[in-house]
Structure formats: structure tokens, C-alpha cells
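Trainee: Chain residues, written in single-letter form:
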Amino acid sequence: MANICLYFELHQPFRLADVSVFDIGLRKEYFNRTEELNRKIFQKVAHKSYIPMLTLLLDLVRNNHEFYFSFSVTGVFLEQASQFAPKVIMLLQRLVRTGQVEVLAETYYHSLASLYSAEEFKKQVKQHEQKIQELFEVTPTVFRNTELIYSNAIGQLVENMGYAGCLTEAVDRYLHGEKRTQLFLGKTNNRLPLLLKHAQLSDDIAFRFSEKSWISYPLTADTYLNWLNSYGHDEIINLFMDFETFGEHQWEDSGIFEFFKVFVEKSLQHEKTRFVTPSLAIKKYKNAQYLPAYDVPHPISWADVDRDLTAWVDNELQRDTLEKMYELEEEVLARKNKDLLEDWRRLQTSDHFYYMCTKWAADGDVHAYFSPYESPYEAYRKFAIVLADLQERMI
Amino acid sequence: MANQSKSVFMIGWEYPPHNSGGLGVACEGLTQALAQDNTKINFTLPYESDIDVSHMDIQYCIHKNWKQVQCHCLKNGHNCNHIICEPPFSAYSTEFIFPEEQLPEEENTGYSFDLGKLRKLSNTQLEKQVTEYAEVVGTVGAAKQNDFEVIHAHDWMSFPAGQQLKKQTGKPLITHVHSTEFDRSGLSSGNQYISAIEYNGMKQADQVIAVSRYTKHLLEQKYGIDPSKITVVHNGISDLRHSADPGRHHFAPNRPVVVFMGRLTIQKGANYFLDLARAVLERIPEALFIVAGHGDMYHELIFKTAREGLSASVVFSGFVRDEQKRKLLDRADVFVMPSISEPFGLVALEAAQRHTPVIVSKNAGVSEVMPHAIVADFWDINKMADSIVELVTNKDAAVTQTKGQLKDLAKQTWKLSAQKIHQVYKNALLGKNSR
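For the protein sequence lines, the chains are R and G, in the order given. Using the working numbering, the first residue of the first sequence is number 1, and each one after it goes up by one. Using the working numbering, the first residue of the second sequence is number 1001, and each one after it goes up by one.
Just chain R, with the same shape it has in the complex:
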């Protein structure tokens, strides 16, 4: 039987308030904690996606004891959910309580700290773990980094923190002809188990599902199952995607919810497929006779066409603001000021740098879709002013 390993990411950034040059040094708040923008977006997405999809998942889990999936949720998401849509937390808690749903570890702030500061990275992972324990009474054992960013060095950090495995993207240039549907081992001291995203089958749902020009439009659960059934015994099909695929990126009227329900139910009936969580898959296959190595010298991610870091760390605007942010680490920590530290960490959320991306074509459209700014230049301009204010607080 082939294994279907489902993983969904839940994240919403705290968007920046409009801080002007004339506010520098005047203690203006950066994040409209209670303000309209974040609330409006969160509640809109909760209504369209989080609540209906979580409700559907809860039904599926309760009615099918063989149905498993995993998710991870950022700390900044959980804070906003508690404040703007507590029902989302309640549904997540119910799901976790069933024992069929695994929660994965990640950074609290959905940050790029793994690329800039090992110490800061560990602290944010720890902070996230505490939040998950507090809300769900479980301790994650498998890790997924922000945007599935991974390299050998990051793998080593993750391994050192005691995780049983890690999720990332299957990038052709590092697969060396190996099938992506098996468990890989990282180039780390203890050969960290890795599960690699099946981009094509994931993106059939996440990106192409409602695209009318797509040759397979409209996609039915039967067709999709046929594709999955072409995989052999003991293969692992990793379907990793944003949770908002359901209801937000693919709208309800596209039939996405119905598709997912039928797909799960039919898969369960089929003798050729079964559902697993990441930790189940790792446990099951980590002692297999042959497991290929996944050697990733340069960081990869699940984003854009290139599956690299260029969505966040590409042009000078992104590079300089990121470097400036992490140069402040020592100074921010030395202040021992809770508010300052919290602001600095929220500014690390990768979305702020994603908005500054100046790549064009199809990727650019995706960036524009998510950005609250009229242009990447405006995203940079505003962020730099906030950074100037953060510096001012430490003079």
C-alpha cells in the first residue's frame, strides 16, 4: 500500500501599522494588534477557509479512524486566532485530541532565523513548542521550517534539537534520480530522516485545482486517486500545502471541499492507499535497508518556480533589511525589554520580506496577491522606517 502523508500549514502574519518618518522615536505601535486590517483579514479567511475546512476535517477524522493528517501552526497565527476567531483554536484542539492528527514543530514567528542566527532560531522553536504544549497538550516530534526552508546546516540544527525528522521540498537538482516518494536521510551527523513534498500532486490541488486552462480541469477525486494509485507499495506521497488552499486560494464554489471529502473517503476504501502522519511514516521506514541521502548544500524552499530563497532573500532591499534586523540581535537581547524583543521578533516574520520581492512573471503575481502594499518599494520604505524607529529605541 502507498502512504498518503497530508500536511497543512496555518500562518497569518501581523501586518505592520503605517509608521511614518514623523513617528520615529514617538513610541508608535508597529502592529495593529486589535486593529481592523489584521482582524478583517483573519476573520475573512476564518470564515472562508479555517472554520469550514477544520469542521470538515473533524467530521472525516471522527467518522474514519484510519484517516490521519498533520498540520503546523505558527505562534503569530495562534495569537490572532485567540483574539479574532477563537472557534479556530477550539476546532484545532478537538482535532488534536482525537490522536489521529499530528502537530508539527516550527518557529513561533514564521521567521527566517534558521538562515541568520542559530541561537535565535532555537529560541523561537522552543517558544513555539511551549505554545503548542499549552494549547494542545502535545509535544511535536517532527519539524517543518518556515516555507519548508532546508539545507544540510539547518538539518543539523534540527537534529541537534532532538527532532525525529523534518519536512522539506523535493528539489530535482538534489534528488539525483531518486524517487521522491521514499524516506530520505539528511547529511547530518545522525542522518536526520526527511520527508520530501510531492510538488506535482500537491500543487494539482493547491494551485491548479480551479485553473480552467489546465488540461485536467475539472479535477475529480476519481482521477486524482488514479494518479495516486500509480504509486507502489511502501511509497510515501507527501501532499504538503497551505491550509488556505481550501476555501481561500481555491474558493468554495470550485468544489474543493467536496473534492477533498470524496478523495479521503475513497482513498480509505481503496486497498492500495492508506493515510499516515509524518512521525508514523518516519517510524515505519527509518530502519529500511536502503534509504537515499538528500544532500542540500544551499538552502531550498517550497516557494516559487525556483524552490529557493529568492522570494525573501534576493534583491538588495530584502538582503539589507534582513541583515540589519539580525545585526540588532545582541543589542535587543541586552536591553532585556519584553516589548522591544517582541517587536523585533514579529518583524522577523518572513512575510515582511516576501512583500519586498521584485521578481516578476507568475511568481510576482503570487507575491502581489499576498501583499498589503501597493509595491515592493513601498513595503521596503515602510519597513525601513520601522527599523529606524527600533534603532532609535536603543539609542
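None of these hints come from the bench; they were simulated from the model. This structure is a prediction, so every number in the text was calculated from the model and none was measured. Just so it is clear, CB atoms sit at the ideal spot from N, CA and C, and this is done for glycine as well. Some hints could be false.
A few chain R residues facing chain G, derived, Cβ under 8 Å [said to hold, decoys possible]:
| id | residue |
| --- | --- |
| 1 | 320 |
| 2 | 321 |
| 3 | 377 |
Based on the hints, put chain G in the right spot on chain R.
Mentor: Using the frame of chain R, we list chain G on its own:
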């Protein structure tokens, strides 16, 4: 002793609140002072408006070919209902795009420009509109020819109209140069069509007024204009409507603030401001540099800022006006104007008026009237950096400079400018130096 009464037909292009920059402000200050000095003025504009002035008669000169659009702007709370309420094109933006700088002052409440009118014009279109303006001005002026003795045209957009009217009435023409194509293109050749209009206008003029010795020199060197017919008349500066409130209390109280304010074009030298920032930050790491303004170099400038690792030390405020402009000039510890070529540079005087020590480019006319300001070559980063470090670390030096600048300003009145212009009118009527 009051001057002998004079009458002038003045050809304008813009007037507050519809000004894209210095020209409108200068025309306001100048005509008020001339009127005080016993001058009867007819003043033309290529658009309709409800400009409320009592010191002169405004002649709205609209050509029938111009796009007749009912204006939707709100002035005094009601639709203005004019068919064209702004100049046909903005004369001072490098690309002939209506710049955001044209947004009027908040004091003239409720008015807003239609930004949908952003446009680029070809030389043919420019020529057409300037010629059409000349046609209308010629007709209006000829009908009033018993009402004036001299013709006074401001900058190239008005020169063909001045020449036309001179031809029709035989009255002496004075062309007033506030800015040339060489300045606007950063001392490169710029738009040859426009420099040709400038050249012809000055050649045909009986007298030429330059806003600075710097500009007079440029007119001699670049345009070959006979220096004996050029008179330098510096601009004045009006009294503050909101008193100065210098100090660090406005914002960023913990560090030195250095300000650049102007269009982000090659002319204004904003890229030198970034070089300067880098040099100063090596010595004063906490200094904050603020770039205020919009323009076609904006993206280039933010990329340069980031590439050189200056993010958060150099920040961009966007275009500022009114309260924000005052606040920025009040807050600045040093104001820098590193223009490549600046006929005058009013904003440097405005900064001085708000008690801010000023560093100006040697290639700026304003340096001639503000001997207490620091003057440097726009490319001399070392000298400017040394001056900034001195001004922010030595309070006495800053105070001394600020006081000196205020003394300089006291002499810089529009009344004085008006007296000089009267003399130019006299010379023109006497046929001195005219061809």
C-alpha cells in the same frame, strides 16, 4: 521716495496654489512687491482659476484647442466648474509628468488635483501648446495695449508669447529666467527644443533677468547671451506664516537628523546625499538621513540605499508639504542641498528661516544671498561630511551659523527685488542695451 508708476503685462504659467515649484511662489512674491511699489500689473495664466488677488488683474488665456474638461476639483467646498484649472503641462518635471509636488497646500482647503491627468508630451505637442498660448496672449495683450508699457515673461513656456506680443505692440520685452534646461538636466544638454526656445526668447528680449549670478553666468556661457543686457535679481522670501519651532522634540529625539528636500531628479543631486550619508555614518553611526520628495530617481535611490547597507539610516519620507514640511525643516539638525545646478534654491532659505544650518551646493544661486551658509561642491563629500559632523557635535557652531543665516535672510526681501526690476523696466524703456 516712491518709484514712478509703471505698468507691465506679465506672462505667467502658474500661480499658487497651482504651482509645481518655485516659479509660482516667485511670481506671487514678486507681483505683490511690485504692486506695493506702484506698479499696475496684468498677469496671464494658461488656465482658469478663482485666484483671489487684489494687487493685479489676472487674464486667463485659454486656447480653444485645449482639452475642455469640466473640472471636478473642490475649491471652497463647491465644484469649481472651470474648464481647465491647471497649466497644460508641468514645466519643471523632467519627463513632463504632472508631479505629485503639484498637490496644493492644505491651507487652500478642499482642493485636489486630478491625478488622472498625468501625461507625457512630445516636442510637437509642447510646441503646439506653447504656440497656442502665445496666440491667445497676443490677442488679449494687443487689446490691452494702452494699459502697459513693458512685457515681462517668466521662463520658456511664456517666452514665445512675449515675443508674439512684442511683435504686435512694439513694446519692450523682458524675459525672466528662473530655471534653464541645462539646470533641469543636471548640466547635460537636455531637451534641445526647449533650450532653443530659451535661446530665442533671450535673444529677442530687450532685457533679461536672471535669478542669480550663477544663472547669469550660465546664460552667458551656455547660451551666449550678451551679459550687458542681463540683470541679476535674486528672489526674496516671504515672512513665515507659522513661526519656527526648531528642536529635537518633533521626532527622532535621540540622534542627529540630516534632511534632503527636493525633486528626486538628476538636477537635485540626491545620489550625492546618499554618498554623504555613508561618509557621515562612518563617524556618527546613529545619524538619521531623511530624503523628502518624489521623482524619477526614486527607485534607483532606494536600491542604492539598500545596496550600500544604509537601510534604516537613510529613510524616505515621500513628498512632504505644509505641516510635514515645516516639521521636517524645524527638526533637521542640518539641511543639505547638493544640487548639480540650481538657479536659486528657495528651500534652502526656508530651512534657514526655520533655524536650521544649511549646506548648499556651490552651483546654487541661493549661496550668493546666504553668505553664512556652508557652500561646497556637490561632489565634495569630504567637505560636506566634515561640516555635518562639526554642526552636530559643536552646538555653538550650529547656533552661530543659524543666527548668521537669519541675518542674511533679513536682507532678502521681495521689496528689494521689486526695486531692481523697476530699474530693469526703466532700462528697457530707455532702450539701454537693447538690440
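Trainee: Could you run down the list of hints and mark each one as holding or not?
Mentor: Verification of the hints:
1. Taking 8 Å as the C-beta contact cut-off toward chain G, the hint placing residue 320(R) at the interface holds, the least distance being around 4 Å.
2. Taking 8 Å as the C-beta contact cut-off toward chain G, the hint placing residue 321(R) at the interface holds, the least distance being around 5 Å.
3. Interface restraint check: residue 377(R) against chain G, minimum CB-CB distance 6 Å, threshold 8 Å, status holds.
Consistency with the previously given hints is maintained throughout, with no hint failing.
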